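Colleague: With chain A fixed as given, assemble chain B onto it according to the hints.
2 protein chains.
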Amino acid sequence: MDIAARVHNHNWKIDPIVRSLIDTDFYKLLMCQSIYRNKPETSVAFSLINRTKSVRLADLIDEGELREQLDHVRSLSLSRGESTWLRGNMFYGKRQMFRPDFMEWFEGLRLPAYHLEKRDGQYELTFEGQWPEVMLWEIPALAVLMELRSRAVLKGMGKFELQVLYARATTRLWEKIQRLRQLERLKIADFGTRRRHGFLWQDWCVQAMQEGLGDKFTGTSNCKIAMRRDIEAIGTNAHELPMVYAALAQDDAELAEAPYRVLADWHEEHDGNLRIILPDTYGTEGFLKRAPDWLASWTGIRIDSGDPGQAAEAAIRWWQERGEDPRRKLVIFSDGLDVEKIEELYHQFLGRVKVSFGWGTNLTNDFRGLVPNDALAPFSLVCKAVSADGRPTVKLSDNPSKAMGPADEIARYKRVFGVGDQVASEVLV
Amino acid sequence: MDIAARVHNHNWKIDPIVRSLIDTDFYKLLMCQSIYRNKPETSVAFSLINRTKSVRLADLIDEGELREQLDHVRSLSLSRGESTWLRGNMFYGKRQMFRPDFMEWFEGLRLPAYHLEKRDGQYELTFEGQWPEVMLWEIPALAVLMELRSRAVLKGMGKFELQVLYARATTRLWEKIQRLRQLERLKIADFGTRRRHGFLWQDWCVQAMQEGLGDKFTGTSNCKIAMRRDIEAIGTNAHELPMVYAALAQDDAELAEAPYRVLADWHEEHDGNLRIILPDTYGTEGFLKRAPDWLASWTGIRIDSGDPGQAAEAAIRWWQERGEDPRRKLVIFSDGLDVEKIEELYHQFLGRVKVSFGWGTNLTNDFRGLVPNDALAPFSLVCKAVSADGRPTVKLSDNPSKAMGPADEIARYKRVFGVGDQVASEVLV
Numbered sequence: 001m002d003i004a005a006r007v008h009n010h011n012w013k014i015d016p017i018v019r020s021l022i023d024t025d026f027y028k029l030l031m032c033q034s035i036y037r038n039k040p041e042t043s044v045a046f047s048l049i050n051r052t053k054s055v056r057l058a059d060l061i062d063e064g065e066l067r068e069q070l071d072h073v074r075s076l077s078l079s080r081g082e083s084t085w086l087r088g089n090m091f092y093g094k095r096q097m098f099r100p101d102f103m104e105w106f107e108g109l110r111l112p113a114y115h116l117e118k119r120d121g122q123y124e125l126t127f128e129g130q131w132p133e134v135m136l137w138e139i140p141a142l143a144v145l146m147e148l149r150s151r152a153v154l155k156g157m158g159k160f161e162l163q164v165l166y167a168r169a170t171t172r173l174w175e176k177i178q179r180l181r182q183l184e185r186l187k188i189a190d191f192g193t194r195r196r197h198g199f200l201w202q203d204w205c206v207q208a209m210q211e212g213l214g215d216k217f218t219g220t221s222n223c224k225i226a227m228r229r230d231i232e233a234i235g236t237n238a239h240e241l242p243m244v245y246a247a248l249a250q251d252d253a254e255l256a257e258a259p260y261r262v263l264a265d266w267h268e269e270h271d272g273n274l275r276i277i278l279p280d281t282y283g284t285e286g287f288l289k290r291a292p293d294w295l296a297s298w299t300g301i302r303i304d305s306g307d308p309g310q311a312a313e314a315a316i317r318w319w320q321e322r323g324e325d326p327r328r329k330l331v332i333f334s335d336g337l338d339v340e341k342i343e344e345l346y347h348q349f350l351g352r353v354k355v356s357f358g359w360g361t362n363l364t365n366d367f368r369g370l371v372p373n374d375a376l377a378p379f380s381l382v383c384k385a386v387s388a389d390g391r392p393t394v395k396l397s398d399n400p401s402k403a404m405g406p407a408d409e410i411a412r413y414k415r416v417f418g419v420g421d422q423v424a425s426e427v428l429v
Numbered sequence: 001m002d003i004a005a006r007v008h009n010h011n012w013k014i015d016p017i018v019r020s021l022i023d024t025d026f027y028k029l030l031m032c033q034s035i036y037r038n039k040p041e042t043s044v045a046f047s048l049i050n051r052t053k054s055v056r057l058a059d060l061i062d063e064g065e066l067r068e069q070l071d072h073v074r075s076l077s078l079s080r081g082e083s084t085w086l087r088g089n090m091f092y093g094k095r096q097m098f099r100p101d102f103m104e105w106f107e108g109l110r111l112p113a114y115h116l117e118k119r120d121g122q123y124e125l126t127f128e129g130q131w132p133e134v135m136l137w138e139i140p141a142l143a144v145l146m147e148l149r150s151r152a153v154l155k156g157m158g159k160f161e162l163q164v165l166y167a168r169a170t171t172r173l174w175e176k177i178q179r180l181r182q183l184e185r186l187k188i189a190d191f192g193t194r195r196r197h198g199f200l201w202q203d204w205c206v207q208a209m210q211e212g213l214g215d216k217f218t219g220t221s222n223c224k225i226a227m228r229r230d231i232e233a234i235g236t237n238a239h240e241l242p243m244v245y246a247a248l249a250q251d252d253a254e255l256a257e258a259p260y261r262v263l264a265d266w267h268e269e270h271d272g273n274l275r276i277i278l279p280d281t282y283g284t285e286g287f288l289k290r291a292p293d294w295l296a297s298w299t300g301i302r303i304d305s306g307d308p309g310q311a312a313e314a315a316i317r318w319w320q321e322r323g324e325d326p327r328r329k330l331v332i333f334s335d336g337l338d339v340e341k342i343e344e345l346y347h348q349f350l351g352r353v354k355v356s357f358g359w360g361t362n363l364t365n366d367f368r369g370l371v372p373n374d375a376l377a378p379f380s381l382v383c384k385a386v387s388a389d390g391r392p393t394v395k396l397s398d399n400p401s402k403a404m405g406p407a408d409e410i411a412r413y414k415r416v417f418g419v420g421d422q423v424a425s426e427v428l429v
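If you read the protein sequences in the order shown, they are chains A and B. Just so you know, full-length UniProt numbering puts the end of the first sequence at 429, numbered straight through with nothing missing. Just so you know, full-length UniProt numbering puts the end of the second sequence at 429, numbered straight through with nothing missing.
Since the hints were derived computationally from the structure, they do not count as laboratory data. Among the hints, a few may not be true.
Pairs involving identical chains hold if they fit within one copy or between any two copies, as the list cannot separate such chains.
[As the list claims (entries may be wrong)] When the alpha-carbon atoms are kept at most 30 Å apart in a straight line, the in silico DSSO-like pairs for lysine-lysine are as follows:
no., residue 1, residue 2
1, LYS414, LYS39
2, LYS94, LYS118
3, LYS384, LYS289
4, LYS341, LYS39
5, LYS53, LYS155
6, LYS94, LYS216
7, LYS384, LYS53
8, LYS216, LYS155
9, LYS341, LYS155
10, LYS187, LYS159
11, LYS159, LYS341
12, LYS384, LYS414
13, LYS289, LYS341
14, LYS216, LYS159
Keep in mind the model is a prediction, meaning the values are calculated, not measured.
If we strip away everything but chain A, and leave its shape as in the complex, we get (with noise of 0.2 Å):
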């Protein structure tokens, strides 16, 4: 591992933290390209959102640097390898799942401009144009800001202080590994790009979930790294889907139909394991009540907030109501894990549903107690669509601290989608 010797060097020369512009979630371009087919002229903003404010980014992260990195990210395209890659590759058992019309467009892509100001101690970094585009900024501005964070903080610490740093991270990742290893019919992925503590170091989490996990390690989201290690690219869709269809919305009868809008969209692109249902945009439960006949007979459903159980067994309860059979159904958890939570949903659910976990931040991140101050603790930083042609987007999800939107917008979606109390769980990651 000469992870350390690259860490000691970023100090002294620029080192681009992300690459390529594949160095990305394996969902943003399957929702890129069905944005370009579907909604290629709506205008976005995506921010980054810091929810843990006691991270004071703009205090630990040079502005300089910041804008070098940003700067570089836009300088990327597409390689000819990636592209054949992208073109060629079979994902989720289909070829050609990108279609000629988009790869050329995305052959062409740089991406678009960034404004970027400190306010308060934290950066307020706004990205603005055509939703294809725009939302492409997603993952490398997360990435570029999670590693930077990193790099300040490992920035005064010898080359051995550092090696020993990460020999305890590695240790502490391989014994999470001979843990997961003891469940027999486990199924899990790396989700953990967006908040990885660097490429290098999430590349290695990949390698050492192959080598320790083998068939039960199903693959990882990030394309580069999938490429590179020639492994399955994992992932269907996300919020920012329903958000900007929602804020897209004409009145309230267009609003609530807006959910299921974004998935009949999908639902004529996709097949087999693309079709995974998010239901908590704005809220599971009422989601789940109000979905046409057709959606249960989807593959599955991916739980990314609230308690995972109870919102497996909503699902399983639903399914069943519907007439299906949940265990022919795949269930993918993926909202804040860790080994012991991940042994818990797997016993809950084993036999009863297909259960598959999406691991991020403890992941490809843990670095807890390694570091003086614990500067190195996760945080919860996202990067999310905040206005779709000039109207603000709302989130609701199943934990009140993962809202967002204006106040009253917010009232205005809890009673159209029928979300009364929910319960407050702490955000980590």
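Modeller: Relative to chain A, chain B alone:
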């Protein structure tokens, strides 16, 4: 650290363990020069002795691989850069430590033949010929066997298991160094070549000591690493000198004089920090009692067997009896050290003498408890002069467990040197 990757590769291509004639202890070269001047024609036999019979080296290590490695050592000769370094470098504050006639001889040297047989699960490995040549086999022979044993144990491990193994060993060493740096006036050197886990690991340990201990780290006994890392090469003399001189003695009177004859030759050649008494070959107590007065003026003493605290107290009393100020004398501890022992001796002798430590096996080969069956636990392998001009050598030391030689000769030596009962202690390394 790419050690894990390297170890992973050991098993599919030949990877020479010893790659340089100066990948050896500095004191071997100092002694070699002395022997080359004073006893060049003496015939000696050196032999490998594994004092830990439970480690069955011949079962672990393939004979073909061992021969390949030993043959490779025989193919080595001094490189131009190595010769330049030996001729030009300053050792112990002195330039041209190595005389031109010795350097010319050394530049032309290839190591002599070896004789290898298997017996009772062990290798019988012997070297015969002229003393200055044969004696240079000691360190490479030990390094080859130690590292082949490490490789044999690691052979079945995956790349990530290896990474985690080294991560744990790294963390352990760093924690030791963190403890040692608390000792404000510590002086410590690496003496771990002969029983190292492997060359790369020793080189890493030395760099860790450099970064973690700064000035407290005084250097390494390994010439290649001293050259590579631009630090001090450390060492003076060893038991082989009195052992061979004693074996060559014609009668008991000459035998009793032999240890002092060695030091008289050394006195003529060296001064300052190279005048270090090694008193235990035939019992420290008697050695000091019968020592000539001029020896009390020497710079210090090295404690290499028995109870180190007691031996150092005896040395202090001896200096005081001879009118010397112990506070100006150097005591070097070099037997079976680990952090606890170093701390204990440091506090016991701080301010009473100048204290220095030569840290060996537990610096460069502490993998205890890190693999199943503790298969990397340290063990006691030595390579010693067993005869000189056809007569057997004898070593008594201050620990009867370290005694060697034919029983009748041991009895004679005990009589001549007035060695009574000794306390046995387990020899771990």
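Colleague: Checking against the hints above, which ones are violated?
Modeller: When the structure is compared with the hints, numbers 2, 4, 9 turn out to be violated.
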